[in-house]
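Hey, can you work out the whole structure from these sequences and the hints?
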Amino acid sequence: MIINSLVQAILLGGYYALIACGLAFMFQVMRIINLAHGSLAILSAYLVWEITDALALSPFISVLMILPIMAIIGLLLQRVILERTTKGGELLPVLTTFGLAIVIDNLLFQQFGANTRSLSPYLGDLSWESYEIFDLWIGKLPVIVLITAIAMIGGLDLILRFTHLGRQIRATAFDPDTAGLVGIDARKIAGISAAIAMMTVAISGTALGLRGTFDAYSGGPQLLFAFEATIIGGVGSLWGVFMGGIILAIAQSIGALIHPQGFLLGGHLMFLIFLFARIYFHRDVFSLKHWLSKFNKEENVV
Amino acid sequence: MNIKRSNAYSQVTLSIIIALFIALIILPSFASNDVMERLTVLFIYIIMAAMWNTLAGFGGLVSIGQQLFLGLGAYTTIRITDMGISPFIAIVLAACLVGLLSWPISTFMLRLKAGEFAIGMWVLASIGHLLVNLDPLIQGETGISLIALNQYSIESRRLFIYLAALLSMSALLLGLFYVLRSRAGIAMQAIRDNEEAADSIGVDPERVKKWFFIFAAFGTALAGALWLAQASSFQPKTYFSVQWTAYMIFMVLVGGLGRFEGAILGALLFFAVETWFATAGVWYLVGLGAVAMLCSLFLPKGIWGAIESKLGITLVPVGYQVTGLTTDTLKNK
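As given, the protein sequences belong to chains A and B, one line each in that order. For the first sequence, my numbering assigns the number 1 to the initial residue and increments by one for each residue that follows. For the second sequence, my numbering assigns the number 303 to the initial residue and increments by one for each residue that follows.
Accuracy of the hints is not assured; some may be wrong.
Claimed, not checked - Below are the SDA-like pairs computed for lysine to any residue, each with C-alpha atoms no more than 20 Å apart in a straight line: (1) K539(B) to F109(A); (2) K539(B) to Y217(A); (3) K603(B) to G88(A).
Honestly, the hints are just simulated from the structure, not real lab data. Please read these numbers as outputs of a predicted model, since none were measured by experiment.
Right, here's the structure in full:
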């Protein structure tokens with residue numbers, strides 16, 4: 001029973017890692033917490049639903065079709081909104097992206113109404129198929145989501161570490177002015193980063209639709225999950241965010257075991273514990289970034 | 303060179319405000335029920351806008367979780383009246399208790415920066431909502447009515463709530479006015495205009511921010527308690543909704559972030575927009591979000607900020623005004 005909950009929690013954590021990594025990525029590169037993050041994930045879920053329904057495709061194909069759309073949305077988001085607001089101090093991006101979230105949520109409600117949707121009806125057998133391992137039933141779909149999360153974070157990590165683009169992004173994140181001095185076009189890098197972040201958002205929105213249901217106002221809760229996973233994981237590292245997502249899901253499951261309404265509270269309290277640890281016991285002592293960032297430190301020395 | 307704390311406009315403003323206040327006090331003797339109910343709502347909006355402006359415009363703290371204090375204000379009022387205390391005492395008591403609670407919250411949350419603080423407050427609001435739902439008295443999302451109000455007739459209830467909202471609004475605005483004119487308030491406005499100047503002023507901005515946070519929590523809780531009295535029923539989902547913060551942000555951004563008059567102007571505009579367009583349903587909310595977004599992009603000081611810089615008018619003098627400063631006086635120094 002407990003082991004089953006734990007396994008399910010880790011699988012759910014895969015989804016949280018997926019939704020959190022775009023938020024954390026943008027925060028690292030552009031120092032912006034995008035409050036429209038969750039709403040954009042819901043927007044992508046609706047887009048995938050719409051394409052899947054209209055063209056009778058598999059959702060796995062539809063998501064490939066919306067990746068470029070979301071990348072363009074990311075680029076526009078950076079060029080039209082974020083670029084302008086970041087010049088006006090650190091408060092304006094919060095306000096504008098929150099305004100954007102309200103606009104997206106209500107437009108989605110206007111377009112699609114109050115009914116909840118799910119992508120699972122378009123999956124056929126896959127939506128209920130499971131692996132049986134030691135008397136545990138593990139759904140194939142949550143496993144796919146978890147593997148996607150690992151692949152996506154691993155891929156981003158590899159891009160950041162070993163490609164020319166990755167080095168440019170890291171340089172811009174570290175110090176945009178100095179990056180500009182050595183010939184990096186910070187504006188271009190910010191645009192590309194926003195596009196990458198929105199592609200992860202497209203994938204996480206689809207994962208949400210595949211795993212369960214969503215409606216026009218699901219964006220807010222998704223933003224909170226993404227934010228909590230990011231803070232638990234320690235803002236600095238993508239693998240930290242992955243662990244953050246899993247810890248968040250485990251805390252929620254423990255909460256649900258203690259009290260029928262304890263699912264969300266468990267996650268929130270775990271978030272507060274990590275926040276406390278970060279604030280009162282120096283930065284990141286408890287957080288996973290501390291253990292996982294060895295590689296980065298070596299690199300910084302060089 | 304001359305340094306004044308008021309000007310010709312503010313003298314006029316003072317007389318108008320006093321006249322307006324007296325008019326609003328005697329208004330119930332001839333106004334219709336509908337007018338009184340709508341004005342009560344307007345007063346509560348002005349409180350909300352002014353409190354969010356205190357936090358964001360003067361304290362530099364953008365919170366997406368002020369519904370925490372709104373909801374807790376209403377919930378605490380329910381709890382206190384349940385002990386048999388008069389609802390109008392309960393409203394004030396509830397706001398004080400929530401203000402008290404905001405002190406430990408502030409020591410913790412103010413360590414967070416910009417976006418982290420904003421969403422962190424939202425998480426706290428969600429925790430508040432979930433915890434209130436656990437209270438059996440509230441019966442989960444079903445909610446509960448403020449039954450204690452039934453001891454008054456509908457007529458006197460309407461009058462009392464109107465006066466309570468009017469007095470709360472006036473007291474909070476007056477309080478804010480004096481806070482902003484104090485040394486710490488002036489310093490905070492200087493910091494708002496130039497972050498680096500913070501340390502050189504000799505006022506600890508973190509301490510002042512904390513007091514702004516507590517003041518805003520107290521005022522927002524009062525607004526929540528008054529809203530409960532006015533709406534007379536409490537459903538956790540409604541009171542802890544992020545929509546309230548969206549309204550506050552709209553009012554302040556459109557009216558003028560960090561401008562005393564701005565929040566009031568924004569509340570008046572929001573009230574007008576709501577009266578005319580609320581029937582437009584979802585499009586009304588899309589419009590609110592879009593206008594707030596456009597204002598923060600293109601008009602970061604809001605309508606009042608634009609008026610102020612174009613015409614040089616300050617109705618409510620919260621700073622110092624320097625006149626007669628010419629190159630000659632500078633040379634003489």
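(message) Which constraints among the numbered hints does this structure fail? Numbers only, ascending.
(response) none
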